[in-house]
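Make the full structure from the sequences, and use the hints.
Protein chains in written order, with the numbering used here: chain A, 92 to 277; chain B, 92 to 277.
Treat the hints with caution; some may be incorrect.
A pair holds if it fits inside one copy or across any two, identical chains being indistinguishable in the list.
[Stated by the list, open to error] Pairs of lysine-lysine residues, derived as DSBU-like cross-links and limited to a Cα-Cα distance of at most 35 Å, are as follows:
no., residue 1, residue 2
1, K271, K237
2, K122, K239
3, K113, K248
4, K256, K239
5, K126, K248
6, K239, K126
7, K140, K237
8, K246, K154
9, K120, K256
10, K246, K126
11, K246, K256
12, K126, K201
13, K246, K271
14, K237, K154
Note that these hints are calculated values from the structure, not bench results.
Here's the letter readout for the chains.
Number of protein chains: 2
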Amino acid sequence: MANGNINGVNVDQLFSTINAIKENPGLAKFKFRAKNQWINGGQNRTSIKEFYGAGREDTTRIKTFVFDNDEPEVLLGQDNGANPVEFVLHALAGCLTTSLVYHAAAQGIKIDAVESRFEGDLDLRGFLGMNEDVRNGYQNIRVTFKIKADAPEEKLKELCELAQKRSPVFDVVTNGVPVKVQLANG
Amino acid sequence: MANGNINGVNVDQLFSTINAIKENPGLAKFKFRAKNQWINGGQNRTSIKEFYGAGREDTTRIKTFVFDNDEPEVLLGQDNGANPVEFVLHALAGCLTTSLVYHAAAQGIKIDAVESRFEGDLDLRGFLGMNEDVRNGYQNIRVTFKIKADAPEEKLKELCELAQKRSPVFDVVTNGVPVKVQLANG
Chain A
92 MANGNINGVN
102 VDQLFSTINA
112 IKENPGLAKF
122 KFRAKNQWIN
132 GGQNRTSIKE
142 FYGAGREDTT
152 RIKTFVFDND
162 EPEVLLGQDN
172 GANPVEFVLH
182 ALAGCLTTSL
192 VYHAAAQGIK
202 IDAVESRFEG
212 DLDLRGFLGM
222 NEDVRNGYQN
232 IRVTFKIKAD
242 APEEKLKELC
252 ELAQKRSPVF
262 DVVTNGVPVK
272 VQLANG
Chain B
92 MANGNINGVN
102 VDQLFSTINA
112 IKENPGLAKF
122 KFRAKNQWIN
132 GGQNRTSIKE
142 FYGAGREDTT
152 RIKTFVFDND
162 EPEVLLGQDN
172 GANPVEFVLH
182 ALAGCLTTSL
192 VYHAAAQGIK
202 IDAVESRFEG
212 DLDLRGFLGM
222 NEDVRNGYQN
232 IRVTFKIKAD
242 APEEKLKELC
252 ELAQKRSPVF
262 DVVTNGVPVK
272 VQLANG
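What follows is the structure, encoded as structure tokens:
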């Protein structure tokens with residue numbers, strides 16, 4: 092049904108990727124990476140470039156993406172960047188949107204517009220170690236999507252649910268991931 | 092013990108924040124926000140500015156921070172930005188680093204340098220819905236920290252553990268958060 096380019100997604104390439112992975116599941120394995128360096132106070136800088144995927148170290152990415160975290164004044168920073176918990180919302184927003192758009196493309200559904208808003212509740216007493224009953228991270232995140240597409244309301248709801256069902260960052264943020272931290276000094 | 096400015100952190104302000112929250116725990120409640128708009132294919136744009144905290148809507152932040160997500164070629168994008176799962180690593184890096192630096196400052200420990208590396212394993216078969224036994228998100232994340240500070244190795248280990256114990260994004264990524272998504276069309 093779907094073919095060519097839909098929503099800016101090359102659907103032929105999408106299906107040939109799926110077929111290649113069916114024959115060789117190892118092609119589906121990716122390793123994403125980031126390096127970070129502290130600058131001062133709440134400011135630190137991440138560089139993102141290299142990744143492994145489709146059976147090899149990537150050689151196509153030319154740019155290094157660089158992002159600074161910082162904190163606003165009230166959180167003792169200089170406001171030279173969004174803060175880490177705000178970047179979580181950015182990652183979640185991007186992943187839900189891309190999941191929605193790609194899976195719509197796979198179904199041959201043309202999307203006109205997608206907008207979304209994110210809000211998360213955080214109680215500083217967790218970070219500050221003031222109350223062990225208060226968690227450090229977000230207690231809740233609320234998301235609102237608006238989708239314009241050539242499809243009935245029922246189909247848009249289905250796409251919104253499919254985005255949640257398939258999004259890697261939605262999975263990470265809702266279910267958690269084992270993180271192993273080591274100190275490698277010297 | 093600690094006072095003035097340590098590691099770029101105003102420690103007097105830090106302790107007066109803690110005292111203010113002791114008297115009025117409601118001041119610890121923050122709401123962070125993001126808006127996102129789809130551009131094309133795997134590219135979408137997040138704007139971050141407003142937040143609520145310390146009992147009021149913030150009025151100090153002047154800049155709107157804008158970040159694009161995109162995907163590399165092998166994931167059918169144009170590589171106009173880091174991708175959402177890479178931004179998760181950026182958020183995690185920033186939050187562990189800031190947690191480490193702030194809590195060191197609170198203890199009066201001067202940090203000289205912090206560097207960290209992050210790598211996460213992701214199997215595309217989850218996102219593609221090809222195998223229900225494969226999760227969509229990261230299966231594991233590995234983190235390596237290097238810390239230079241005027242403190243013995245044992246103290247650096249303790250700081251590295253304290254960062255994990257207190258970091259909001261570490262909590263989000265390891266433990267998960269309830270996320271409620273609604274479609275608000277029309």
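Self-check item: Broken hints, by number
Solution: Number 8 only.
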